[in-house]
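Residue-level listing of the chains:
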Amino acid sequence: MPDPDARAVIELGYGGNERLVMNMGPQHPSAHGVFRMILTLEGETIVAVDPIIGYLHRCHEKLGETLTYVQYPSIASKTDYVAAMTAELCYVRAAEQLGQIEVPKRAQYLRVLCAELQRVASHLLWLGTWCMDMGGALGGGATLFLYCFRERERILDLFEALTGARLLYGFHQVGGTRYDLPADWADRCRQTVDDVEGRLDEYEAMLAGNTIFLVRTQGVGVISPELAQEVGVSGPLIRGSGIAYDVRRAEPYSAYEEFTFDVPVEAAGDCYARYRVRMQEFRQSIRIVRQVLDGLPAGPISSRPGVKSVGQVKLPKGEAYARVEGPRGEVGIYLVSDGSTKPYRMKWRGASFSNLAVAGDILPGHKVADAVAILGSIDPVFGEVDR
Amino acid sequence: MTGTDLLWLVGPPFLLLNGLLLFIAYLTLLERKFAARLQSRVGPYRVGRPHGWLQPIADALKLLLKEDIVPALADPTVYNLAPIVFLVPAFLMYAAIPFAPRLALADLQIGLVFVLAVSSLEIVGLFMCGWGSNNKYALLSAMRAVNQIISYEVPFILVALVPAVLAGSLRLQDLVDAQRGLWFVAYPGLGQLAFVAFLVTALASENRIPFDIVEAESELVAGFRVEYSGMKFALIQLAEFTHLFGVACLGTLLFLGGWLGPGPAALGPAWFVGKAVLLFLLVIWVRWSFIRIRVDQILGLSWKVFLPATLGLLLLAGAVVAARGGGGV
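Chains as they are written, first to last, in my numbering: chain D, 1 to 387; chain C, 1001 to 1329.
The shape of chain D in the complex, shown without the other chains (with noise of 0.2 Å):
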């Protein structure tokens, strides 16, 4: 929570009892995004954290109502830029649940698919960012930096086979996808798949024992149960704080149901049980996406194909929740319309805001080493807390 005495006065030392406010943010070279922490020290603790947000706010909920339901999918990917496949999927699905618009067979699979290998692309660049921010850019963490988006271009070049776009889609439509795999995508995505796969093994090999490495992240960060429900985390936060909570399982969607996979939970809530959610995660996705490889359906890849001006899609009054699980954790959105072609009102929840939220709860009593540590641990995407 934040001091307020540390806000109102700023007592400079340089040890002792006495406190040094600094002010971390909202660029440094560890960014993980523009954020800014006003940190008060004692020596090297942080005592009190006051963690301000904002830096990125680019109206996505404004844009919202005035796009229409046709051209806001290809923006809600710059929501979560990271994962942007699962945004827009949010998106569309809280439009088709609004107007009760049935997705075809194959449709759901492309999604199941593609929401996937966001994942692993996700997952690989909180690995190689996070090792970065504890090992210096400048030393070991860039060498891990630099295998995992050696691994990520792979997946990213398999994104723009698909849809001619490396970061930010515009894969999603309401109604299905917007495009189809190509001739020899699924090989090339086995392919890929299985070299990943292969390459996670060594890095975990690199990772896992490693005394530095634990003893960078063990015991670091702990969120409890209790305090992970009351803030409302999502994702690898709350699975690694021992609770089985994943979207995908609680409300599936898009034929999540007919797929085999396990939920990773870990107990202990440090930033190392978090690590070992995310890296069983990886392995879990890459599961998914051959059973989607194996088993996906002929057919139509949109209920509504040929959607080419922007006032074709109008939904019936109403209002609808969607959410999926994304990378960071639970993405959601809040449609509420009118009956015409653009929303009334539309609310995302930013997996990443509520997950940062907990960042202010515990910091405090960690040395300042520890921030960046637990900052990555979190996995904030800046799009996703400020939209």
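Hints should not be assumed to be uniformly reliable.
Unchecked claim - Listed below are the simulated DSS-like cross-link pairs for lysine-lysine, each with C-alpha atoms no more than 30 Å apart in a straight line:
(1) D:367 with C:1136
(2) D:62 with D:314
(3) D:314 with D:78
(4) D:314 with D:367
(5) D:62 with D:367
(6) D:367 with C:1033
Unchecked claim - Below, a sample of chain C positions facing chain D; criterion: calculated Cβ distance under 10 Å:
(7) 1040
(8) 1045
(9) 1171
(10) 1173
(11) 1174
(12) 1177
(13) 1190
(14) 1192
(15) 1286
(16) 1291
(17) 1295
To be clear, the hints were calculated from the coordinates, so they are not data collected in a lab.
We put the beta carbon where it would ideally sit given N, CA and C, even for glycine.
Take the given structure of chain D and dock chain C to it, following the hints.
Only chain C this time, still in chain D's reference frame:
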């Protein structure tokens, strides 16, 4: 003093200094290439095709031509002297390091002590950098660096004395001669433990990853050299590399048999430099493989693990010497 005497007085140091400068510059290229290969990339490639051979020259020229920004409130004397005070001990170390049985600038009876003492002077230069910058964060970083380096210098010196005890002399040439039969690193148990302790304490004394919390200040604020630009920055970087290579040379002399190797005696210096470069590569390998340790863990490691361990090793070395009847090998 005749002309030739003057030449003998000035010539060798001149040659050594300049040779070292060029060699260290190319060591930076080696580091970049090695790091690049570790990370599945190529490293400097274009400057001096085809493999970036002119990169160090280009870097030196660039830094020479950069604007020299001096903070208005910096203490001019301290600020300007600091890079020099940082650089001189690094080069001074090489005065006592022998590259071959009779190839040393200064043949000192207490060569080991001289090298260790001079290399510890780096701290003064480092702190002057932080102090003269008149920057709160530079000072904080410099204080942390001093804290860490001093904490690790003690076990470093203790473990460097282990070969001296085993050889019965502080003269660096004698240390290598004592390894004619068996390199100190190959002594069962004692040698390997001492070598590992030497490596770790050296890494920590040099502010290298995994102990580079000083440079990791750049995660939050900036390191002690934040206010330095242009050639002064180049001097600081050069000093760090020179010091690191000097410690690698020391490690070669102490543990890896110096200039001893198969082949004619004239190959001695080549073996020496080769082994030192191998040690240097090991340091680089460690740097680009590990993440950094937190500062309280670093200090805890030094005082709680390395100080007792190196004291124990020194006592063990003494026991070994006493058991074989005292005196040198």
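Now the hints, each set against the structure:
Distance hint between residue 367 of chain D and residue 1136 of chain C is fulfilled; the C-alpha atoms sit about 19 Å from each other, no more than 30 Å. A distance of roughly 19 Å separates the Cα atoms of residue 62 of chain D and residue 314 of chain D; the hinted pair therefore holds under the 30 Å criterion. Between residue 314 of chain D and residue 78 of chain D, the direct Cα distance comes to roughly 23 Å. Compliance with the 30 Å bound is thereby established for this hinted pair. For the hint pairing residue 314 of chain D with residue 367 of chain D, the CA-to-CA distance comes to about 53 Å; that exceeds 30 Å, so the pair is violated.
Using a Cα cut-off of 30 Å, the hinted pair residue 62 of chain D and residue 367 of chain D is violated, with the two alpha carbons roughly 39 Å apart. The suggested pairing of residue 367 of chain D with residue 1033 of chain C is violated, with an alpha-carbon distance near 35 Å, which exceeds 30 Å. Annotation: residue 1040 of chain C was flagged as interfacial toward chain D, and the flag holds, the nearest CB pair being 6 Å apart, inside 10 Å. Taken as an interface hint, residue 1045 of chain C does not check out: its beta carbon lies about 16 Å from the nearest beta carbon of chain D, beyond 10 Å.
Below 10 Å, beta-carbon pairs count as interface contacts, and residue 1171 of chain C has none with chain D, the closest being about 37 Å; its hint is therefore violated. Nearest Cβ of chain D to the Cβ of residue 1173 of chain C: about 37 Å, over the 10 Å cut. The hint is violated. For residue 1174 of chain C, the suggested interface contact is broken, since its CB lies about 37 Å from the closest CB of chain D, more than 10 Å. Given the 10 Å rule on beta carbons, the hint for residue 1177 of chain C is violated: about 38 Å separates it from the nearest Cβ of chain D.
Taking 10 Å as the C-beta cut-off, the interface hint given for residue 1190 of chain C is violated, the closest approach to chain D being about 23 Å. Because the closest C-beta pair between residue 1192 of chain C and chain D is about 19 Å apart, greater than 10 Å, the hint is violated. The restraint placing residue 1286 of chain C at the interface with chain D holds, with a minimum CB-CB distance near 8 Å, inside the 10 Å limit. Hint status for residue 1291 of chain C: holds, given a least beta-carbon distance of 3 Å to chain D, under 10 Å.
The criterion of a C-beta within 10 Å of any C-beta in chain D is met by residue 1295 of chain C, whose closest approach is roughly 7 Å, and the hint holds.
This entry does not satisfy hints 4, 5, 6, 8, 9, 10, 11, 12, 13 and 14, going by the numbered hints stated previously.
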